[in-house]
Each structure stands twice: as C-alpha cells, then as structure tokens.
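Residues per chain are reported as follows:
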Amino acid sequence: GAGVSQSPSNKVTEKGKDVELRCDPISGHTALYWYRQSLGQGLEFLIYFQGNSAPDKSGLPSDRFSAERTGGSVSTLTIQRTQQEDSAVYLCASSYETGGGTDTQYFGPGTRLTVL
Amino acid sequence: QKEVEQNSGPLSVPEGAIASLNCTYSDRVSQSFFWYRQYSGKSPELIMSIYSNGDKEDGRFTAQLNKASQYVSLLIRDSQPSDSATYLCAVNDYGSGNTGKLIFGQGTTLQVKP
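Protein chains in written order, with this note's numbering: chain C, 1 to 116; chain H, 1 to 114.
In case anyone wonders, no lab produced these hints; they're calculated from the structure.
Note that CB positions come from ideal geometry on N, CA and C, so glycine has one too.
Please note that a few of the clues may not be correct.
Unchecked claim - Ranges of calculated distance between the beta carbons of each label pair, as one might list FRET restraints:
no.: 1; chain 1: C; residue 1: S27; chain 2: H; residue 2: P14; range: 29 to 35 Å
no.: 2; chain 1: C; residue 1: E44; chain 2: H; residue 2: K56; range: 39 to 45 Å
no.: 3; chain 1: C; residue 1: S7; chain 2: H; residue 2: Q80; range: 29 to 35 Å
no.: 4; chain 1: C; residue 1: S38; chain 2: H; residue 2: E57; range: 32 to 38 Å
no.: 5; chain 1: H; residue 1: A68; chain 2: C; residue 2: P61; range: 30 to 36 Å
no.: 6; chain 1: C; residue 1: G59; chain 2: H; residue 2: P10; range: 27 to 33 Å
no.: 7; chain 1: C; residue 1: Y96; chain 2: H; residue 2: D58; range: 17 to 23 Å
Bound-form chain C, shown alone (with noise of 0.2 Å):
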C-alpha cells in the first residue's frame, strides 16, 4: 500500500518568509510525528499528534513554528519568518499507535528545505 507522502520535497525560501510543508500518513495511522535533521545529524523530534488527544508540541524550536492535522489525516507544518538556521530536512512519520510504546514509525522521503 501507499506509505507515508510528503510534499514538497524539496523547498527553496528567503529569508524571513513562510513556508508550508505537508505530510500524508498511512491510511488508518493515528498517529503522526514531525522531526527535523539537520547535516550530519540525528532527528529532532518537533510534534506528535495521536487521535483526537492535544498534540504534544514539546519539541518546537520557537513559536515560529506550528502545525495542524486536519480531519486526523493530513498535517501541515508552517514556518513563519524562516530563518538560516531552519534549513534542514523535516521528516514525517506516521505509526498505528496501539499506546504500548512499541509500534513502528514509517516515514516518509521528507522535506529539504534551504533559507537563503
């Protein structure tokens, strides 16, 4: 079946303006994560959505960054006023969460975004 889509896949930006970035789970995943990894690093977690719960947003780096998963399907990550510093790949990942802490995350190919 279809895995984890997410566009664009790459994304080049000012600075300072905003960007949007998708994400498209497994059908029938209910749960839903944004990373970021930056060169030659490993992945920061940003956001989890599980179900109808309230995120967890305990990863976002600045009230610059938001996102919204509409329906319990698709999300969006905004960044608004991007800086240098943003520029790295955001990985989404989705997962069927059966809350025992031990369900596979599959991600998708991810977003390469450059601020100039």
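Using the hints provided, position chain H relative to the given structure of chain C.
Relative to the frame of chain C, chain H by itself:
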C-alpha cells in the same frame, strides 16, 4: 535532558566481518528500543526493535539490550557493502506520557569495504 548517545563513526569493517554498533541512553524508565537504518539522502527505516533484556535475532541482525547498564547494541553478521549506511538508535520517551515519542541518537555511520 534525556539523551541517547552513539559513536558517530565512521565504523569501517571488511566485507564478511561482524559490525558492532553501540548506544547508551539516560532515561531509566525507557521500555522500547529501536534501530533504524538510513541510507544517504533517504529516510530512516526500522530494522530491529527490542523490549526485553537479552538478545533478539532477525537474520543477520542481532539486537542486544541491557536495561541495568542502559545499553543497547546492534550486531550485523556477515557485513555486506549494502549495509553501508547510518544506523540510528531510538529510545521510547516513556516518561513523557506520550508512549510513541522517540528520542534518537545522532547515528553511527557504517562503512563495509569489499
């Protein structure tokens, strides 16, 4: 600050050898441990998960967990050039209340030389 530590490498092994990748974590309440493989320019994919102390084998891969020492490792037997990738250790952030949340290490780059 909860941490997951890995040696960034690169770890270089000859083809056919055993590659040993190590990971330590700081949060004693962590219950679930994962190894993801990430090829250059690609997204991570899960290769092993382990939840209980001891060894878990899957083909050429063996994950080892020692909760008392807060240590998890991945052994790759008969290493192949196609195993060359970055291996990310991830630990469930059980204490956060969100059981799905993972903390990732920075990854170890493995190079298998023909």
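Here is what the structure says about each hint:
| no. | hint | verdict |
| --- | --- | --- |
| 1 | C/S27 to H/P14: 29 to 35 Å | violated (43 Å) |
| 2 | C/E44 to H/K56: 39 to 45 Å | violated (27 Å) |
| 3 | C/S7 to H/Q80: 29 to 35 Å | holds (34 Å) |
| 4 | C/S38 to H/E57: 32 to 38 Å | holds (34 Å) |
| 5 | H/A68 to C/P61: 30 to 36 Å | holds (34 Å) |
| 6 | C/G59 to H/P10: 27 to 33 Å | holds (28 Å) |
| 7 | C/Y96 to H/D58: 17 to 23 Å | holds (21 Å) |
Hint check: violations occur at hints 1 and 2; the rest are consistent with the structure.
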